[in-house]
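Engineer: In the order they appear, the protein sequences are chains P and Z. Quick note: the first sequence uses my numbering, first residue 1, plus one each step. Quick note: the second sequence uses my numbering, first residue 114, plus one each step.
Quick caveat, the hints were computed from the structure, so don't treat them as lab data. Take the hints with a grain of salt, since some may be wrong.
[As the list claims (entries may be wrong)] Restricting the straight-line Cα-Cα distance to at most 27 Å, the calculated cross-link-like pairs of lysine-lysine (DSSO-like) are:
{"no.": "1", "chain 1": "Z", "residue 1": "K220", "chain 2": "Z", "residue 2": "K175"}
{"no.": "2", "chain 1": "P", "residue 1": "K66", "chain 2": "Z", "residue 2": "K128"}
{"no.": "3", "chain 1": "Z", "residue 1": "K226", "chain 2": "Z", "residue 2": "K175"}
{"no.": "4", "chain 1": "Z", "residue 1": "K419", "chain 2": "Z", "residue 2": "K455"}
{"no.": "5", "chain 1": "P", "residue 1": "K66", "chain 2": "Z", "residue 2": "K175"}
{"no.": "6", "chain 1": "Z", "residue 1": "K175", "chain 2": "Z", "residue 2": "K192"}
{"no.": "7", "chain 1": "Z", "residue 1": "K167", "chain 2": "Z", "residue 2": "K262"}
{"no.": "8", "chain 1": "Z", "residue 1": "K226", "chain 2": "Z", "residue 2": "K262"}
{"no.": "9", "chain 1": "P", "residue 1": "K66", "chain 2": "Z", "residue 2": "K226"}
Here are the chains, one letter per residue:
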Amino acid sequence: MAIPGFSHDYNKEELGMAAHNEVSLGDTYFVSPTFLFRWEESQNAHVLLYPEGIVKLNDTGGAILKCCNGETTVEEIIDELEALYQADRDAITEGVIKFLEVSHAKGWIRIAS
Amino acid sequence: MPKVGSELRLDGEGKPIWVLLELTYQCPLQCVFCSNPVDFDRYREHELSTDEWKGVIRDARKMGAMQIGFSGGEPTLRKDLEELVCEANDLGYYTNLITSGIGLTSKRLAALKEAGLKHIQLGFQSSDRDTANMLAGVESFDRKLSVAKEIKIHGFPMVLNVPISRHNIAQVPEIIELASEMGVEYLELANVQYYNWALLNRDQLLPTREELEWAESEVNKARERLGDAMTIFFVIPDYYEGRPKACMNGWGSIHLTIAPDGSALPCSQARSIDTLEFPNVREHSLEWLWRESPTFQKFRGDAWMKEPCRSCDEREKDFGGCRCQALLLTGDAANTDPACSKSPHHHLIQQAVQQSAIPDKHVGSLIARSSSHRLGRKAT
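Can you make the complete structure from the sequences, with help from the hints?
Structural biologist: Here is the structure:
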C-alpha cells in the first residue's frame with residue numbers, strides 16, 4: 001500500500017478540532033506525546049513533527065513551546081518572553097494566551113496541571 | 114477555530130522535506146485499490162540493499178528532509194526495517210511506518226519502538242470482516258484487529274488509514290466507532306484515488322455524490338461527539354471537487370519517493386508517466402537527481418503549464434493538479450488535471466461520475482492485485 005491522502009496536503013492541521021478550555025495564568029502545559037518538538041537546523045527554526053505533518057514555528061512560537069515542559073506556568077512563560085523581547089507586557093500576555101489556546105485546540109499541547 | 118499568527122506554512126524552500134521509501138513492492142495482501150505499479154512483480158530482483166537504503170537516508174537528511182516514511186508494498190517484509198528505522202531516527206527524522214500490519218508481531222513492535230519509530234499508519238479496509246477480506250483479497254481482518262491492539266499496547270501514535278470506496282462508504286459510522294474503540298489518534302478516511310489498480314477498478318469503486326455527502330455528514334456528527342479525542346480526516350475524491358488537488362504540493366517541491374529499485378520519483382504514482390526517465394540512486398547523487406535531473410525539473414514551478422493553467426490565478430494554489438491523472442485521462446501529462454472544471458477534458462471526469470450513479474455494479478468484476486495480471490495501464 002501507499003499513503004492515500006498524503007498528496008492532498010502535507011499540513012492538514014487546519015481541519016478538525018474546535019477550541020475550548022480557557023487559558024489560566026497558573027496552568028502548565030506539555031507537548032503532546034504524538035508530537036516531536038525540536039530545533040531544525042536546515043530550517044533555522046523550531047519545528048513540530050507529527051504523523052504526516054510538519055509545522056514550522058516562528059521565534060515566539062518556538063520560545064513558548066520550549067516552555068511547555070510540564071513545569072513552567074503560563075505566567076512564567078509571559079515573564080520569560082517579556083525578558084526575551086523587552087516588549088509591552090499586555091501585548092505579550094495576549095500573544096502567549098492566544099498561541100496556547102490555538103496550540104491546545106490543535107492538539108500540540110496538553111494541560112499538565 | 115482561532116487562526117494562529119506564528120504558524121508558518123512550510124514551502125520547503127526547495128528542500129525534499131518529505132521522503133518516502135518504498136522498501137519493497139512485495140505484499141501479502143492483494144488490494145483492489147493498490148497504488149503500486151501494475152507490473153510490481155518486476156521489481157522483486159532489484160531491491161536496494163541495506164547499505165544503499167542507509168545512503169539514501171543519510172543524503173536526504175543532509176538535504177533537509179525531516180519526515181521519512183517506510184512504505185511498500187509491505188515494508189515489514191524487509192528484515193532490515195528496524196536497522197533502517199534506527200538509522201533514520203538517529204539522524205533526527207520523524208519516522209513513520211506505513212503498513213498493512215500483517216508482518217507485525219509484538220516482538221517486532223518492541224524492536225521498532227527500541228529503534229525509535231515514532232508513528233505507525235495501519236491500513237484498514239472495513240469494519241466488516243467479509244468486506245475487509247474481499248477488498249484486501251485475502252483473509253486479513255482478524256489479524257489486523259489484533260495488530261491494532263498491539264500497536265496501542267506498545268504506545269505508538271497511530272493513524273488508521275481506510276481507503277474509502279463504494280464498497281465500504283456505507284460503513285463509515287461503524288469504522289469511526291471501531292477506530293475510536295482502538296484508541297487511534299487519527300482516522301484517515303481517504304477516498305480512493307484512481308491510479309493503477311484502482312483505475313482498473315474505477316467503475317466498481319467510485320462512490321456516488323449522495324453517498325459522499327452522507328458520509329461527510331456522518332463524519333461531522335462524529336467530530337462533534339468525539340471532540341479532540343480523535344482527529345478524523347475525510348479526503349473527498351477530486352472527481353467531485355471541481356478543482357484538482359494540490360498534488361504533492363507541486364512536482365519536485367517537497368516530496369521525494371524512492372522506489373524499491375532505487376528509482377527516484379516526485380510521487381509514488383509518477384512512474385505511470387512512461388515518457389519520463391526516472392533517475393536512480395545507484396547512478397546519481399540524491400542532490401543531483403533532486404535539483405538537476407530533467408525529470409524533477411520537468412513540471413517544477415509553472416513554466417511548463419499550458420492553458421487554462423498558465424493564466425489561471427489559482428495555479429499557485431493547486432499547481433495544475435496531478436500530472437499522472439492528466440496523463441492517464443487526457444494522454445498528456447502537461448495538460449490541466451481533468452478534475453478541474455476549467456479543463457477542456459473535464460467531461461472525462463464527469464462521465465466517470467455519471468457511471469458511478471448507475472446502480473447495477475457487481476463486486477464480482479473487481480480485479481484483485483496479482484502478479485499474473487497483465488492488463489497494463491489501459492483502463493478507460
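Engineer: Take the hints in turn and mark each one as holding or not.
Structural biologist: Hints, one by one, checked against the model:
Taking the CA atoms of Z/K220 and Z/K175, the gap is about 32 Å. The hint is violated against a cut of 27 Å. Simply put, P/K66 and Z/K128 have alpha-carbon atoms about 25 Å apart, close enough for the 27 Å limit, and the pair holds. The suggested pairing of Z/K226 with Z/K175 holds, with an alpha-carbon distance near 24 Å, which does not exceed 27 Å. Distance check on the hinted pair: Z/K419 and Z/K455 sit about 12 Å apart at the alpha-carbon level, within 27 Å; holds.
Our distance criterion of 27 Å between C-alpha atoms is met by P/K66 and Z/K175, whose separation comes to about 25 Å. At roughly 26 Å between alpha-carbon atoms, Z/K175 and Z/K192 fall within 27 Å of each other, so this suggested pair holds. Of the supplied pair hints, the one linking Z/K167 and Z/K262 is violated, its CA atoms being roughly 31 Å apart against a limit of 27 Å. Distance check on the hinted pair: Z/K226 and Z/K262 sit about 15 Å apart at the alpha-carbon level, within 27 Å; holds.
For a cut-off of 27 Å, the pair hint linking P/K66 to Z/K226 stands: about 25 Å separates their Cα positions.
Violated hints, in rising order: 1, 7; the structure is consistent with all others.
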